[in-house]
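Novice: The residues making up each chain are set out below.
2 protein chains.
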Amino acid sequence: MKPIITFFISLVFATSVCGQVSDSAWIARVYDHVLTKGVAYEDLRTLCKGIGHRLAGSESAQKAVDWGLLTLLNAGADRVFAMPVEVPHWTRGNVNVASATTSRGDTALAITALGGSVGTNGPLRAEVIEVKSLEELAELGREKIEGKIVFFNKAMDAALINTGAAYGGAFPIRSKGPSEAARFGAVACIIRSLTLADDNFPHTGATQYEEDVRRIPAAALSAVASRQLSALLKTDPHLKFTLEMNCEAFPRVMQGNVIGEITGSVYPDEYIVIGGHLDSWDIGEGAHDDGTGIVQSIEVLRCLKAIGYRPQRTIRVVLFINEEFGNDGGITYAKVAMESGWKHLAAIESDGGGFTPLGFNCELTDAQFEHTRPWLTKLEPYNLFKIRQGGSGVDIRPLKDGKVGLFGLSVDGQKYFDYHHTNNDRFENVNRRELHLGAAAMTALTVLLDMHGLE
Amino acid sequence: MKPIITFFISLVFATSVCGQVSDSAWIARVYDHVLTKGVAYEDLRTLCKGIGHRLAGSESAQKAVDWGLLTLLNAGADRVFAMPVEVPHWTRGNVNVASATTSRGDTALAITALGGSVGTNGPLRAEVIEVKSLEELAELGREKIEGKIVFFNKAMDAALINTGAAYGGAFPIRSKGPSEAARFGAVACIIRSLTLADDNFPHTGATQYEEDVRRIPAAALSAVASRQLSALLKTDPHLKFTLEMNCEAFPRVMQGNVIGEITGSVYPDEYIVIGGHLDSWDIGEGAHDDGTGIVQSIEVLRCLKAIGYRPQRTIRVVLFINEEFGNDGGITYAKVAMESGWKHLAAIESDGGGFTPLGFNCELTDAQFEHTRPWLTKLEPYNLFKIRQGGSGVDIRPLKDGKVGLFGLSVDGQKYFDYHHTNNDRFENVNRRELHLGAAAMTALTVLLDMHGLE
Numbered sequence: 001m002k003p004i005i006t007f008f009i010s011l012v013f014a015t016s017v018c019g020q021v022s023d024s025a026w027i028a029r030v031y032d033h034v035l036t037k038g039v040a041y042e043d044l045r046t047l048c049k050g051i052g053h054r055l056a057g058s059e060s061a062q063k064a065v066d067w068g069l070l071t072l073l074n075a076g077a078d079r080v081f082a083m084p085v086e087v088p089h090w091t092r093g094n095v096n097v098a099s100a101t102t103s104r105g106d107t108a109l110a111i112t113a114l115g116g117s118v119g120t121n122g123p124l125r126a127e128v129i130e131v132k133s134l135e136e137l138a139e140l141g142r143e144k145i146e147g148k149i150v151f152f153n154k155a156m157d158a159a160l161i162n163t164g165a166a167y168g169g170a171f172p173i174r175s176k177g178p179s180e181a182a183r184f185g186a187v188a189c190i191i192r193s194l195t196l197a198d199d200n201f202p203h204t205g206a207t208q209y210e211e212d213v214r215r216i217p218a219a220a221l222s223a224v225a226s227r228q229l230s231a232l233l234k235t236d237p238h239l240k241f242t243l244e245m246n247c248e249a250f251p252r253v254m255q256g257n258v259i260g261e262i263t264g265s266v267y268p269d270e271y272i273v274i275g276g277h278l279d280s281w282d283i284g285e286g287a288h289d290d291g292t293g294i295v296q297s298i299e300v301l302r303c304l305k306a307i308g309y310r311p312q313r314t315i316r317v318v319l320f321i322n323e324e325f326g327n328d329g330g331i332t333y334a335k336v337a338m339e340s341g342w343k344h345l346a347a348i349e350s351d352g353g354g355f356t357p358l359g360f361n362c363e364l365t366d367a368q369f370e371h372t373r374p375w376l377t378k379l380e381p382y383n384l385f386k387i388r389q390g391g392s393g394v395d396i397r398p399l400k401d402g403k404v405g406l407f408g409l410s411v412d413g414q415k416y417f418d419y420h421h422t423n424n425d426r427f428e429n430v431n432r433r434e435l436h437l438g439a440a441a442m443t444a445l446t447v448l449l450d451m452h453g454l455e
Numbered sequence: 001m002k003p004i005i006t007f008f009i010s011l012v013f014a015t016s017v018c019g020q021v022s023d024s025a026w027i028a029r030v031y032d033h034v035l036t037k038g039v040a041y042e043d044l045r046t047l048c049k050g051i052g053h054r055l056a057g058s059e060s061a062q063k064a065v066d067w068g069l070l071t072l073l074n075a076g077a078d079r080v081f082a083m084p085v086e087v088p089h090w091t092r093g094n095v096n097v098a099s100a101t102t103s104r105g106d107t108a109l110a111i112t113a114l115g116g117s118v119g120t121n122g123p124l125r126a127e128v129i130e131v132k133s134l135e136e137l138a139e140l141g142r143e144k145i146e147g148k149i150v151f152f153n154k155a156m157d158a159a160l161i162n163t164g165a166a167y168g169g170a171f172p173i174r175s176k177g178p179s180e181a182a183r184f185g186a187v188a189c190i191i192r193s194l195t196l197a198d199d200n201f202p203h204t205g206a207t208q209y210e211e212d213v214r215r216i217p218a219a220a221l222s223a224v225a226s227r228q229l230s231a232l233l234k235t236d237p238h239l240k241f242t243l244e245m246n247c248e249a250f251p252r253v254m255q256g257n258v259i260g261e262i263t264g265s266v267y268p269d270e271y272i273v274i275g276g277h278l279d280s281w282d283i284g285e286g287a288h289d290d291g292t293g294i295v296q297s298i299e300v301l302r303c304l305k306a307i308g309y310r311p312q313r314t315i316r317v318v319l320f321i322n323e324e325f326g327n328d329g330g331i332t333y334a335k336v337a338m339e340s341g342w343k344h345l346a347a348i349e350s351d352g353g354g355f356t357p358l359g360f361n362c363e364l365t366d367a368q369f370e371h372t373r374p375w376l377t378k379l380e381p382y383n384l385f386k387i388r389q390g391g392s393g394v395d396i397r398p399l400k401d402g403k404v405g406l407f408g409l410s411v412d413g414q415k416y417f418d419y420h421h422t423n424n425d426r427f428e429n430v431n432r433r434e435l436h437l438g439a440a441a442m443t444a445l446t447v448l449l450d451m452h453g454l455e
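Chains as they are written, first to last, in this note's numbering: chain A, 1 to 455; chain B, 1 to 455.
Don't read these hints as lab results, they were simulated from the structure. Fair warning: this is a prediction, and the values are worked out from it, not measured in the lab. One should not assume that every hint holds.
Rough simulated footprint, nothing fancy, chain A against chain B, three-plus residues with beta-carbon under 8 Å [unchecked claim]:
no. : segment
1   : 27 to 41
2   : 382 to 390
If you want a taste of the chain A side facing chain B, the calculated C-beta under 7 Å gives, among others [as the list claims (entries may be wrong)]:
no. : residue
3   : Leu35
4   : Thr36
5   : Ala158
6   : Ala159
7   : Ile161
8   : Leu196
9   : Tyr382
10  : Asn383
11  : Phe385
12  : Gln389
13  : Gln414
Positions of the beta carbon are idealized from the N, C-alpha and C atoms, including for glycine.
So that you can see chain A by itself, here it is in the shape it has in the complex:
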C-alpha cells in the first residue's frame, strides 16, 4: 500500500455564487455543461484503454487508484486522499478451458472461472449431472452426484421486466451452487452464465465457498456453450467433461478507496457522497461495471466546479475498491465514517451501467421521501420519471443507518447483463451521450440535495 496521498488547495479566492440562482436554473446549467463540454467519456477511454480491467488486489487496480487520485485532483477537488482498504488477491490464471468428449469426439466449450474459484491442478475429468436448481440438486442427493461435475443450467427469467430482478433470482446458484454441490460430493461445479443474451461470452462473478465443505473448482459456461452441453448430454448422458483452470489465491493486500472533495461553504462537516466502484472483474475492461460509475462521479465534481456552483455541504466523490469480491471498500468506508463521526446527509451511487438514466432508486424514510417530492419532480423535464423507494448501491449500502439518504442511479438496463462480467464489457459498448446524461442526472441530484437537505 502506498502512503495516503493528501492534497489541499487554497480556497482563498473562492466566492459564493449560489445566492441568486434557483435550483431549476442550476440544473439547466448542469445539463448544458455536461452534454456539451463533459469529458467523462474521455476519462472512461483512459480508464478502459489505458489501464484496462482492474480486479481488486491486482497491479492494475493499484494503477487505477493512482489514476483516480490524479484525475480527481485535475477535476478541481479541494482535497484528495486514499483510504486504506484490505482486499483479496486472487488470479484467474492463463488456462480456463473445458471440453465435452462423446463417442463423436471433443467439443470445446467457452468457459471461465468464477471469481475466487480454486484451480483444477491439471485437467479434471468427470461425468456431468445437469440440474436446474439448488432444490433439484438436494433431491438428487449424494448417490447421483458424488464424483461428478454438477451443471446448473438455469437461464435468468426473461419474463421479468427489470433485468436486475432476473439477475437476483439467478444469483444464488452462482454464489451458493458450488458449495452445495460439494456438500453432495461433486468434484466441480459449472453454471450457465447469468445473462439474458444468447451469445458465447462466459460471465464470471464471485462465488462464496462455505467454510464446512471442500472447495471445488467453479466456472461459468457461456449461454451458447450451456445449450451445446445440454444437447450433448441428451445424446450421451455419460459423456466426459474436462475442465482445466489454474486459478490461485494469495494473501490479502492493502489498496484504497479514492476520495476527492469540494469543501462545503456552510456545513463543511456534512457530506454528500457520490460514487461507484473502481475495481472490476479481470476480463474485459470493466466499462459498464463500473468504469462508467467512476467517471460519472468524477464528472459531478468537475461540473460543479465548472459551472461555479459552490456547495453548502462537502461534496465527496468516493471511488470504492473491491465491490466485486466482498465489498471491502464500502464496508471499510462506513466503518471509518462511524469511527470518525462523519455526518452524511446522503450518498448517490452509479453501478447499473452507463446507459440512459431513467431516475433514482431511493432508500429514504417515508418522511424524507415526502420531503423530496416537490423538488425531485424538477428532474422530470430531463426524462427522470422513475423515482422509487427500494434499492440504491452495494458500495453505499453499509452507510444505511435510518438517517442518511441513499440513491442509486436507475438506468435503462435492459442490455446490462449482456455485458456484465464478460470480455465484452468494453469501452466501445458505452455511448457517450447516454454516459453523460447519467453524469448530469447525478450532478443535478447533488445540487438538489445540497440546496434542500432531507428534512
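Once you have looked at the hints, place chain B on chain A.
Specialist: Just chain B now, kept in the frame of chain A:
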C-alpha cells in the same frame, strides 16, 4: 403493381375467451408471451438480411410488400390485403463521392446524396462557402454565393434532452437548404449530417426542391468529414471541392400499404390501427428506421392470437409504404379511410427505433386523455412511465380528425440519430429484448384500447 391480394380465414371455430380476464391479467400474458416466445427479432433478421434496405419505388420495397403480406398471414391474420399507393422512384446511383483539393493535395470526404437530389452529370468542381444557418445564407446574398457550393455546417443541438427535438431543430437545413442556396446562385449544396454522433457515416434523408428555383445537387457529409472540410477551409478558403453523384429520378410507380386484420368480435367496423413504415432509405438495412416498427406491429397481431385474446374491435396492422419521401402511404391510407367511411378508434405507431420503450406520446382530446388515465397507469409496472400529450407518428398523423386517438411508442432514443439514415442502421444494432419490450408495450396498449375505448 400487383393485384390486391386478399385472404379470408374462417372464424367458425373461434370462441370468445375474453370474458373473465381482467385488463391487467391480459397485459401480464402479453409480456410473458412476447418476452419468452416472441419472434419479432427473427422477423427483423429476415427483413434486414433477406431483403435489406427498401427504398419506396425499388424492387426490394416490392419484395418487402410481398414479405409483409405473407408474414401477416402466417402470423394469424384473418384477412390480409395490399392497398395501392403511388410512390416516387429515385435512385442514388453507384457514384457518391467528394474531395477537397488544396495546395497540399486531395482529401476524400465521406458523403452521400440527400434523397431526391439531382445528379452532378460528371464531376462538379467549385469553391465552398461555409454557413451555419439559413439566416446567414440570406445575409451573405448572391454576391458571395453565386457559382459556389454552399456548406451548411451546423451540428444538432446536443444540449437538448430529447434527440427528436434536436433533429427537428436541424431539419429545415436539410429540407430547405438546397433550394435556398440555389436561390442565391449556388451550384450545389452540402450539409453536415443530422446526427449527434461523431463518426464518419453520412446521413441521407429527403430534401424538398422548391418549384421556382433550379434543382442543384444536394448531399450530406459525415460529422467527421464536415469537421475536416471546415478545418481545410480555415487554411485555404479558396480550396476546390469536387462532387460527383449519378442520382436519377424516374416516373412514379405503384406499390402498396400492407394490411392484416383480426376481425372484431363485437364492433367489426371499428378499427384500431397498429403500424410502422415498411420502406427505408437505400443505405444500411433500415433496421431501426423502421424495420423494428414493422416487426413489432406484426408481433402485436401474432401475440393477440397466441394468447387467445379475441378483440372486440378490428385490429388492423398497417405496414405503410413511403414514409421517408413524401408520406404517400399514410396520406393514401387516410384518404381511402375517409372515402370508405372507416371508423377508427385509435392508431398506434412505432417509428423511433427498436429501443427500450418508455411510454407513449399521445394526440388525444383532453377528455380522451383524462379517460385513459386510470387504465394507462396499468402500464407503469412495465416501466412505461412517460405518457404525454404531443406527437404520435408520421404515417398515422393524416388520420387526425379530433376523434381518433393517436399514439406513438416513446423509446429511449438517445442513440437513434447515431444510426438514422446511414449505412450503420443494421440488424446488429438492434437488441432483441429491447425490441420485444416495444412489441409488448404496443400489444398491451392495443388490449387496453380495445377493452376500454376512448370515451
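Novice: The structure should be examined with respect to each hint, and the outcome stated for every one.
Specialist: Here is what the structure says about each hint:
no.: 1; hint: 27 to 41; result: holds (count 4)
no.: 2; hint: 382 to 390; result: holds (count 4)
no.: 3; hint: Leu35; result: 5 Å, holds
no.: 4; hint: Thr36; result: 5 Å, holds
no.: 5; hint: Ala158; result: 5 Å, holds
no.: 6; hint: Ala159; result: 5 Å, holds
no.: 7; hint: Ile161; result: 5 Å, holds
no.: 8; hint: Leu196; result: 6 Å, holds
no.: 9; hint: Tyr382; result: 5 Å, holds
no.: 10; hint: Asn383; result: 6 Å, holds
no.: 11; hint: Phe385; result: 4 Å, holds
no.: 12; hint: Gln389; result: 14 Å, violated
no.: 13; hint: Gln414; result: 5 Å, holds
Consistency note: the structure conflicts with earlier hint 12 alone.
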